[in-house]
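> So you can see what is in the structure, the chains are spelled out below.
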Amino acid sequence: MTFLARSDPRYPGRALDLPRPPDPLWFEGDAALLSRDCVAIVGTRRMTPYGERVARELAIACAEAGIVVVSGLAQGIDSAAHAGALDARGETVAVLGEGLAAFDPHGRRRRLAARIRERGCLVSEFPPLMPAQGWMFAQRDATIAALARCVVVVEAPHGSGALITARHAVALGRALYAVPGPLGSPQSAGTNALIASGRARAVTGPESLGLVAVAAETSPLLDRLAAGPLSPDALRADPADVAELLLAGRIVALPDGRLTRT
Amino acid sequence: MGLRYRPGVLSLAHATNGRLQAVTGFARVTACALWGLETELVSVEVDVASGLPGFDIVGLPDTAVREARERVRAAVRNSGFEFPLRRITVNLAPAERRKEGTGFDLAIALGILRASGQLATDIAELCVGELALDGSVRGVRGVLPRARRALCAGIRSALVAAENATEAAAAGGDVISVATLRVAMAHLDGSARIAPAGPPPPAAEPSWEVDLAHVVGQATPKRALEVAAAGGHNLLMVGPPGTGKTLLAHALPSILPPPDPEEAIIASAVHSVAGLVDPARPLLGARPFRAPHHTASRLSLVGGGTPPRPGEVSLAHTGALFLDELTQFSPLVLDTLREPMQDGRVTISRAGASATYPARFTLVAAMNPCPCGRRGDPAAACACLPDEVDRYNARLSGPFLDRIDLRVHVPRIPYEELRDASPRERSADVRARVVAARQRMAARGRRANAELTIAEIRRHCSLDASAERLVAAAVTDSRLSARGYHRLLRVARTVADLDGSDRVGRDHLASALLLRA
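Quick mapping for you: the protein sequence lines, in order, are chains A and B. According to this note's numbering, the first sequence is numbered sequentially starting from 3. According to this note's numbering, the second sequence is numbered sequentially starting from 504.
Just so you know, the hints here were simulated from the structure itself, not pulled from any lab data. Ideal Cβ placement from N, Cα and C applies to all residues, glycine included. Hints are supplied without guarantee of correctness; some may be wrong.
A few chain A residues that don't get close to chain B, going by computed Cβ distances all over 12 Å [said to hold, decoys possible]:
(1) P23
(2) F139
(3) V214
Which stretches of chain B does chain A cover? Using the computed rule of at least three CB atoms under 8 Å from a CB of chain A, they are [what the hints assert, rightly or not]:
(4) 537 to 544
(5) 886 to 900
(6) 906 to 920
(7) 976 to 986
Just a few of them, taken from the derived set where beta-carbon distance is under 7 Å, the chain A residues facing chain B [as the list claims (entries may be wrong)]:
(8) A245
(9) G251
(10) R252
(11) A255
Model the full structure from these sequences, guided by the hints.
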């Protein structure tokens, strides 16, 4: 673990757009990523299967284009974005709302943090041992917006922290994108409102971000899984076709036995 | 006829009549000791010798056996016999294993009466029963396996309490049902012979509360249940509350194949040891279905206590064990299930003794998909955070889940489907397929495909070319582990058996895969 002072040539120039740029910026991993072309992908912790899939697909498209994915390493959308980028052999930056040494997640996010340390960069503007407090996350959200060229909000209910990032993105002059969601889905209420008010541009696919969509082969069966996981019965498909996709790794079974696209 | 105690005469007899002092002797009676389901004939040797009055039991008796002294003394006296004021030594041979329980009372009392000359004939029968202080004979646990053991050793006749009579008769020998010590004596000395009890009543005709036809929709879960019943595969059902997981599980007994006679005896013997036999119907007519509550302790699930009693896993032997709300069970309790799921038996070891019970059961478990239960439910939004769901799923350990071959999602059924009144397949039809599949398995020398070893999988689960192609790529790309591959083949074998096919085809493999094999 080390830090970048403002005077350091490696200090990311975009962070200077903030009214009070973080000084120093603590990091673990590859600090050069901070100055690369970055896209922030953020969203709620309580994501839906739809949000998870979109966050992942956008992150993969970024990774394929050599763009660094910036997010906050929270549960839900943030984790899906980081994991998508890493799975596509891309790079990713996680901006934490607490000190790097105080950050001690469990389970899936612990493994994710380890991967980011290897292939990306963990960043925090707070002293290493400083434990998390509510206000720190709001400040961190501003840093995420500052580090990125553009910000994509995948899913955010009203009052979500991701909307704070969105506000900062507008204030800092970053391009703001939001992923439209089903009407009535609380997880998409905030993103739909961003689009409706004209503050954010709607994302209709990786093309919206100027990226090339990863050419995914489609089939009627895969299309039926686009909205989210289904039980084998609800899929109404020939078992042999499903089995083929399962064994090819195109779909996987969730712990509850439902099938989902990878 | 030996000496009879007449009230008021005893002291006189001791004081004035020298006859009693001369009564010394030796007798041998056969009883049977029980450790779990393991039995061993015990020779109860009684020596009545002159000397200071005393009553000792040797041969590693436990507390319950040692307390027989008090019960036997009172029972003998209150039955109108003389309890000899002699030095009485009872040895339970073989003397090096600890004897447990109260089943030796009758044998000890009869031995004393024989050794003291009050019974003139030798006792060839197996004697099993506890004595009440008034001389009546009480039933004990585990009479069925004890009577079976005696029969194997050539002892055709057994003296047991009236309430154990049908159970002992189920083992096949002649059973003399004795209500009191007096009745037993009268039978043995020939003054009032008792006719052997008739053959045990036939097992009750099984009737099922839940039929598969009661369950609407749920094709895949029903299919999984059928495969589990046929192949003995363990099954986990995951779904939101109220979607019919419990109902499906309770339909399982209705499609399980009937037990063969040997299995029925063993399962009944376990129930006998647990003291759960219905005297009117000692033999189980159907495979057991046990559904312990999720607050169950380790002891109640795998067995234990003093003496070690069989737990739910053993009571479910040859049948099914249903664990509803699987994640509510303590992880420690679930981990103790690993041994019986692997070995088909449980060994309970304690200082000085260990008991082994059979525990070959099909596990059927049900759980919610997440802490709030609404994950994947189109009718309600799940309020759980991803980490909470991960923690919830992590309550089931990997080694435990490795032993579960089938895992299916039980989704909420749309209203239109619920109203659908078209005829559905009945349990009896499914059961016929299951029975036929079991016969195919038996022809290969295994009771159920879940028990196939890797060598047997290689021998019996040959894939046809199209099926081979389907899995080959997945195995080479290591998307399918070796363990997963073998599990898939086992389940596919069962699917093929249900289909009446010798070869495992592409469709069988595909169906097996959809059951999350």
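> Please go over all the hints and tell whether each is borne out by the structure.
Outcome of the hint check:
Against the 12 Å criterion, P23/A stays outside the reach of chain B, whose nearest CB is about 32 Å from its own CB. No beta-carbon of chain B comes within 12 Å of the beta-carbon of F139/A; the shortest separation is about 15 Å. Separation of V214/A from chain B is adequate, the least Cβ-Cβ distance of about 26 Å exceeding the 12 Å criterion. Residue count for the region 537 to 544 of chain B with a Cβ under 8 Å from a Cβ of chain A: 0. That is fewer than the three needed, and the coverage hint is violated.
Interface restraint, the region 886 to 900 of chain B with chain A: holds (9 residues with C-beta to C-beta distance below 8 Å; minimum three). Look at the region 906 to 920 of chain B against chain A: 5 of its residues bring a Cβ nearer than 8 Å to a Cβ of that chain, three or more, so the hint holds. Check result for the region 976 to 986 of chain B against chain A: holds, 5 residues qualifying (beta carbon to beta carbon below 8 Å, three or more required). Given hint, A245/A at the interface with chain B, holds; its Cβ is 4 Å from that chain's nearest Cβ, closer than 7 Å.
Taken as an interface hint, G251/A checks out: its beta carbon lies about 5 Å from the nearest beta carbon of chain B, inside 7 Å. About 11 Å separates the beta-carbon of R252/A from the nearest beta-carbon of chain B, more than 7 Å, and the hint is not met. Given the 7 Å rule on beta carbons, the hint for A255/A holds: about 5 Å separates it from the nearest Cβ of chain B.
Checked against the numbered hints above, the structure breaks hints 4 and 10 and satisfies the rest.
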